[in-house]
Amino acid sequence: MAGEKDDIIAHLEELAHLTMLDEGNPQSFRVRAYENAVHGLAAHGDEIARMSKAQLVAIDGVGKSTADKIRELLDTGKIAKLEALRAKFPPSVVELSRLPGMGPKTLARLRVELDVESIADLRRAIAGKEIRALKGFGAKTEEKLAHAIERLGLTGKDRRAPIADALPIARRIVAALSELPQAERVQYCGSLRRFRETIGDIDIVVAATEPAPIMAAFVALPVVTEVLASGPTKTSVITHDGIQIDLRVVAPESFGAAVMYFTGSKAHNIKLRQRAIDRGWTLNEYALAHADSEEVIVSDTEEAIYAALDLAWIPPPMREDTGEVERAAEGTLPALPTLDGLRGDLHVHTTLSGDGRSPIEDIVAAAHERGYRYLAITDHGEDLAINGVSRAQLSAQKQELQALSERYPAMTLLHGCELNIGPDGGLDYDLDFRLGLDWCVAAVHSHFDLDPATQTKRIIKAMHDPAVHVIGHLSGRQIGRRPGIELDIDAVLEAAAETGTAIEINSALARLDASAEVLRRAHDLGVLFLIDTDAHHVSELDRMQWGVQQAARGWVPAERVLNTWTKKKFLSWVRARRAR
DNA sequence: GCCGTTTTCGGCCCGACTGTTTTCAGTCG
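With the first letter of the first sequence counted as 1, position 468 gets the number 468 in my numbering; the numbers rise by one all the way through.
Simulated from the structure, these hints should not be mistaken for laboratory data. Just so you know, these numbers come straight off a predicted model, no measurement behind them. Be a bit skeptical, because a hint or two may be false.
Stated by the list, open to error - SDA-like mimics (lysine to any residue), calculated; alpha carbons at most 20 Å apart, straight line: (1) K234 x A212; (2) K140 x A212; (3) K567 x P557; (4) K461 x E486.
Model the full assembly from the supplied sequences, consistent with the hints where possible.
Structural data, given as structure tokens:
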């Protein structure tokens with residue numbers, strides 16, 4: 001059953017947090033050990049719930065003690081040490097610990113000296129000006145905590161923004177800062193550059209010899225509502241929608257090291273720094289340098305630093321320490337798809353769909369401008385009540401598309417449809433009509449809350465339909481807004497491999513479906529993929545770049561992505577599917 | 001608590017900013 005791994009990880013994360021509070025030190029080695037164990041476990045699937053102690057200890061970062069705790073959880077449903085810590089740190093205290101600025105030391109002193117055990121207690125202490133009276137505390141600290149309570153829920157330590165919200169903000173800020181004459185280079189980094197689904201805060205690195213004007217322009221941006229901290233090299237602000245942005249300004253010669261450092265992930269960086277240490281060097285946000293003489297080896301570009309560490313350059317979406325450093329050392333990183341290497345878009349809507357906003361001739365012209373060699377028009381099937389298209393409308397569209405084919409002879413235009421997968425796996429129209437279409441995407445648009453067995457069955461049934469080429473947005477999720485359907489993902493992916501049905505990598509930032517985790521598993525099973533935009537407007541054809549990032553996060557090699565194939569090879573695959 | 005081709009003990013990434021301090025502790029990433 002899905003979720004056992006998540007349950008184990010949630011317990012270990014809680015253990016790490018409470019241990020941090022207990023030991024009063026965020027750098028506690030025990031806390032880091034728990035975090036490392038979580039990281040090691042995350043690379044595995046639910047099989048960890050069936051592992052023996054010896055098998056668990058073999059996992060990177062998991063030792064004897066943590067393995068015992070995992071077995072204890074699986075066998076008894078509890079971890080004694082965690083139960084003891086929960087008694088010591090009740091939920092109201094844990095809530096306090098989530099306030100920005102409330103570290104373990106501050107929390108412990110407030111509890112002991114002022115009996116603060118909850119947010120309500122803290123409010124009282126602040127109202128009574130009790131905190132500023134403590135030794136080592138002052139009015140500023142008291143005001144900061146008061147402010148943190150006000151913002152509770154808006155900017156807490158755990159709040160994460162969907163990438164669809166964070167990325168446009170980051171791009172606008174990068175564009176604004178790039179216009180400053182002092183800014184030589186500007187790059188967003190962090191989890192956004194690694195293309196995670198949700199973003200804790202936005203990290204931006206600027207190369208400039210003169211930081212002051214950059215900082216001044218940054219805090220003056222209209223999107224900024226509050227300045228949390230501002231020094232000569234680092235400024236942190238909050239935007240009006242509660243997203244924190246950290247700006248770092250570094251000397252131009254340090255830009256590569258800084259971008260690398262702030263892109264992370266933390267685990268990836270630690271592995272790189274270890275590699276540097278092994279060679280008698282140090283790696284920080286300024287340079288790769290000799291440890292003793294501090295003489296700089298390289299610092300200006302990421303590529304040069306990876307090369308100096310005997311590593312191939314690693315694409316940011318892969319930098320999660322899930323084996324990419326080892327593969328880069330061996331020179332066996334997968335050759336990922338590139339934006340330039342994509343030869344067609346196979347999931348695109350026109351105004352014929354109720355929700356489409358660009359006419360077919362504009363879409364075709366825009367695809368031609370991008371140099372595509374093939375394009376599939378895939379408006380919604382008739383079962384989608386509001387946006388669907390009748391047989392007569394589809395037939396008329398076919399004529400229109402044929403006329404357009406003559407205007408763009410170098411580009412093959414496929415007349416297709418985005419079919420709805422019904423709750424029982426049924427599809428729009430009838431089989432003969434479907435087979436009359438050149439190309440069929442099948443996707444879920446309704447009935448998101450069926451049980452996993454039914455969902456799995458409905459997807460697999462659609463995969464067996466002779467007309468279907470690809471399953472669109474596999475889970476139907478919208479990141480941060482709607483969870484996807486629950487599936488027995490291994491069964492679905494095995495069926496995809498068996499039937500030769502492609503799995504879509506949907507480039508819409510709100511979807512990015514299938515998820516990176518699913519893509520990686522799918523690849524291991526031999527599944528084929530397509531990177532599509534699901535565009536409803538010509539401007540959305542530009543989303544393809546995000547699908548490329550998502551493919552990288554899923555370690556999907558280019559040769560497995562159908563729309564990297566030449567027209568001849570791709571079209572013969574399209575036809576072969578119909579002949580099966 | 002974890003780990004090992006210098007090690008089974010003694011290390012474990014490290015710098016920026018703030019607030020309260022006269023040199024540093026706490027927090028954060």
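Now the hints, each set against the structure:
1. K234 x A212: Roughly 10 Å separates the two Cα atoms, so the pair holds.
2. K140 x A212: 25 Å, violated
3. K567 x P557: Between K567 and P557 the Cα gap is close to 19 Å, so the pair holds against 20 Å.
4. K461 x E486: 16 Å, holds
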